[in-house]
Amino acid sequence: MAKNKNAGHKGSYGYQKLKEREPRACIRFKCALTNTILDILRRRPGWVEVKEEGEWDFYWCDVSWLRENFDHTYMDEHVRICHFRNHYELTRKNYIVKNLKRFRKQIEREAGKLEATKCDFFPKTFEMPSEYHLFVEEFRKNPGITWIMKPVARSQGRGIFLFRKLKDVIDWRKDGVRTDDQKDETQVENYVAQCYIENPYLIGGRKFDLRVYVLVMSYIPLKAWLYRDGFARFSNTRFTLSSIDDHYVHLTNVAVQKTAPDYDPEKGCKWMIQRFRQYLTAKHGAEVVETLFAEMDNIFIKSLQSVQKVIISDKHCFELYGYDILIDQDLKPWLLEVNASPSLTASSQEDYELKCHLLKDTLHIVDMEGRLTGKEKRIGGFDLMWNDGPVSRAEGNVDTPENGSFMANTHLGYNNDRKKQLKQLFKPLHTQQKV
Amino acid sequence: MMLEQDTGLSLAIAQIVQRLKGSSLHSQLERQARGSLHKPEIKLESLKEDIKEFLKTSGWEKRLQNAVYSELNVFPSPCHPAAPPEHIKEPLVYMRKAQGSWEKRILKSLNSMCTELSIPLARKRPIGEQKELLNKWNEMGTDEPDLTLFRPVYAPKDFLEVLMNLRNPNYENGDQPSFRNHLGLIQVPLKVKDIPELKDYFSELGLNTGQLGIDDSTQVPPELFENEHVRVGQTVLTEQDSAAAQQYVRQGCPTALRAELWALILNISNQPEDILYYEQLKSSVIQHDLLVDSLIYKDVKLTASNDDYYFVFEDYLYQVLLCFSRDTSVLEHFSYNSATPPKSYIRGKLGMEEYAVFYPPNGVIPFHGFSMYVAPLCFLYHEPSKLYQIFREMYVRFFFRLHSISSHPSGIVSLCLLFETLLQTHLPQLFYHLREIGAQPLRISFKWMVRAFSGYLATDQLLLLWDRILGYNSLEILAVLAAAVFAFRAVNLMEVTSLAAAEAVLADLSTLKVMPLLQIFLFATVT
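Chains A and B, in that order, are what the protein sequence lines are. Okay, so the first sequence: first residue is 1 according to the working numbering, each after it adds one. Okay, so the second sequence: first residue is 1001 according to the working numbering, each after it adds one.
Just so you know, the hints here were simulated from the structure itself, not pulled from any lab data. A couple of the hints might just be wrong.
Coverage of chain A stretches by chain B, computed from C-beta distances (three or more under 8 Å per stretch; other residues unrestricted) [claimed, not checked]: (1) 202-210; (2) 225-238; (3) 324-336.
Label pairs and their calculated CB-CB ranges [claimed, not checked]: (4) B:Asn1208 / A:Gln424: 46 to 52 Å; (5) B:Asp1143 / A:Glu137: 41 to 47 Å; (6) B:His1026 / A:Phe406: 39 to 45 Å; (7) A:Gln424 / B:Ala1490: 52 to 58 Å.
Heads up, incomplete: computed chain A residues facing chain B, CB under 10 Å, no partners named [as the list claims (entries may be wrong)]: (8) Lys283; (9) Glu287; (10) Ala340; (11) Ser341; (12) Pro342; (13) Ser343; (14) Ala346; (15) Ser348; (16) Glu350; (17) Leu384; (18) Asp417; (19) Lys420.
We treat Cβ as the ideally placed atom computed from N, Cα and C, and that holds for glycine.
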């Protein structure tokens, strides 16, 4: 293990791959988490867990390890790690805003105003304290709308509050009171003020958001996979704007729901995304739903493109992102945030199975075993969404979006018959290897 | 022969005319006819033909057709002009008697709960409470009344015990129960279809006919079946033809068209008077509190709220079920339901008919799991008054048969017998094995059938199943599916050695695909 590499070259794909990456006798892994991912790694045939200081071929690390060690860890060609060095360009709320704004300007210059509107999926956001004055200007232009103040780095709904009056912000600044577990924080925490979406789409009077999984294997070139399963997370209480202080209504994160007084862990306030898709189809018709899901595809791709040039695309890295999407009453999807470490703890049996399958398929795509050709468009529940360009469902290489009949190779909310697909996928490859 | 048929037909026509007379459709038709007199194409010499022609081209004849079709589907054909009303409810005396005693038991249970808790059957709400309820109408689920003292009036397994003890006093089965006799729990000689008859009856489910639930899976190119089927569905909806819709849904409804197709089959059009009627029901909920309301609350909290998919619709369930209890139009269905609505008497006037009221006002006492009849409909209908009407119609056409004792082919008794007969005939080894270990199959499948599989199957599968219930206007498919599930899990079931283990094998049906199971059982098994 030696020094850092900052790879900017394209990874080589194609038949050479089989020779280059010989199937290893055993794959040594390390895992920083103790939930579903550990189960999956332990059960994978030919994978062996290594102890503290041992050498490893694969590390499911946490972001703090990455921050401290990535830069001075040498990794052989074949080694894989589950985060990109500077993923926070995508996942921290202030950075993604910056990157998206810059990307939008670029598109406006290159392709015009109309094309740039395709980037308008992120609610207006201002960094605090640096953009405080810009925020005040915007605030004054739209009196009466609700804003949400979020800390940039914390997750699971901590430290968030809603407000409608500037007075609330001023008070908050003056107090310097940050909620709960804050005493040891030495740095001044950055916040963002974001326009709160007041007209969310409601089902049964309840607000919900969607959790979708996107796997990025490389940024340069951009290769991203979309998982067919996901879920809608419901708030336990009915939506109303009158109770801004009710944290529990407005934040649908399961983590916050779990602390709500009437949370019933047996209940599991989640719908699989297939059920959600069917519900919408029954209510609005297939076409409308197709449009909505196509707009979500757009969110995934544009957000990744916006950070493509800043993220260090090390070929050892891959990352499984959890996208949080909110749908409003006009059926427009909004990007709430991107998580580099989506929760892998299961909240129910069904949830456990979803996460098991998700992680298994992730490992199939990472392909430490060297079984794949690199030409696959579907692996298990993942569909190849972007491969240095849009990927179409059609067989063969007709991948032009100009073509009127282009259908994106995404199947979010579709039937996930992954077992069957994996069987078909690995059988011929297995026999090929034997030869 | 011909004469009997003719009298039967004219009797049917007379009855339908009688029922449609005075309906809002009737007055609308009259109004339309009168309005058409101003039109130039209506000539005095050929008045009758011209008006008929006008009604045809303006779509009113189609609406009348749909109404007639609806009547034919719902009301039983008149058997004999001299048949007494009880005969129409239920022709077999012993069944009527059994239903009567069952009702007495339920009522006793309800009354004792009432006295124990000293809660009146009904009371008028004070104004403050009325206001509060009106404000909370859209989120009644947030209410947490203390329901610990309430218990459901009965559960499906209590009902099963009653059905097991049904005997026809005229039928003497001298043989000792042996392998050649009926070994199941139901011991009454009703006629049920065998597989050849079922194959014929459900012919549209055959292997050579396209089905939603099979031929729309991702591997099958949509040009083969799905696209055309959707196109036909859209045509049916444009034509607004109930009979065509009923035939169409036998092959399944496309998700986007299902809500409208079901409304067309059930002849629900959500007219302003229907919305008004629903609002009136809502105001009677606001004004009066019924004991039955607490039973409904309890049921929703115990069943639908705990379901992974239906918990979201909790509020809708209250809005439908509370209104349903107060809807006296539901009483009409008791003319063809073997059950009789319970009567209650104003305090101190016991036995005096002038002081009798039906309790609850719609005559239906909910049992444990009742709210699951409504929950799947919330996936399709979002406007409370429409959701309400669809549910009410589904109830008076189908669901009531699942908890009343009758000899009707779609009644729960026949369904149980059909299930047991199918299993015994086609999986005798399995049936015998389960019986030997004390796991009578009906003990497990009964709850599925009573709830029409709601809460047991995944919602998309359930809706595909209910498509066929509407398409064939029969509940027999529930029994066939139950048998098909046992056939599917036969290998595992053969290895169990106790009722609990058998229950465990069949505990989770959420991954089952309904249509392939039915097809295999009916059409791909060697008989």
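Outcome of the hint check:
With 4 residues having a Cβ less than 8 Å from any Cβ of chain B, the region 202-210 of chain A passes the three-residue criterion, so the hint holds. Only residues whose beta carbon comes within less than 8 Å of a beta carbon in chain B count, and the region 225-238 of chain A has 3; three or more means the coverage holds. Counting residues of the region 324-336 of chain A whose CB lies closer than 8 Å to any CB of chain B gives 0, so the stated coverage by that chain is violated, three being the minimum. Between Asn1208 (chain B) and Gln424 (chain A) the beta carbon distance is about 27 Å. The supplied range of 46 to 52 Å is therefore violated.
Distance hint check for Asp1143 (chain B) and Glu137 (chain A): the Cβ-Cβ separation is about 44 Å, which falls inside the suggested range of 41 to 47 Å. Hint check: His1026 (chain B) to Phe406 (chain A), Cβ distance near 54 Å, so the stated range 39 to 45 Å is violated. In this structure the supplied range 52 to 58 Å is violated for Gln424 (chain A) paired with Ala1490 (chain B), their Cβ-Cβ distance being about 28 Å. Hint status for Lys283 (chain A) relative to chain B: holds, with the closest Cβ pair at about 6 Å, below 10 Å.
For Glu287 (chain A), the shortest C-beta to C-beta distance to chain B is roughly 8 Å, which falls under 10 Å, so the interface hint holds. Interface hint at Ala340 (chain A): violated, since its Cβ lies 28 Å from the closest Cβ of chain B, which is beyond the 10 Å cut-off. For Ser341 (chain A), the shortest C-beta to C-beta distance to chain B is roughly 26 Å, which exceeds 10 Å, and the interface hint is violated. With its C-beta approaching chain B no nearer than about 20 Å, Pro342 (chain A) sits outside the 10 Å limit, and its interface hint is violated.
Taking 10 Å as the C-beta cut-off, the interface hint given for Ser343 (chain A) is violated, the closest approach to chain B being about 18 Å. Given the 10 Å rule on beta carbons, the hint for Ala346 (chain A) is violated: about 14 Å separates it from the nearest Cβ of chain B. Interface hint status for Ser348 (chain A): upheld, as the beta-carbon distance to the closest one in chain B is roughly 8 Å, under 10 Å. Because the closest C-beta pair between Glu350 (chain A) and chain B is about 7 Å apart, less than 10 Å, the hint holds.
Taking 10 Å as the C-beta contact cut-off toward chain B, the hint placing Leu384 (chain A) at the interface is violated, the least distance being around 16 Å. Interface restraint check for Asp417 (chain A): the shortest CB-CB distance to chain B comes to about 7 Å, inside 10 Å, so the restraint holds. Of the supplied interface hints, the one on Lys420 (chain A) holds, with its beta-carbon coming within about 9 Å of a beta-carbon of chain B, less than 10 Å.
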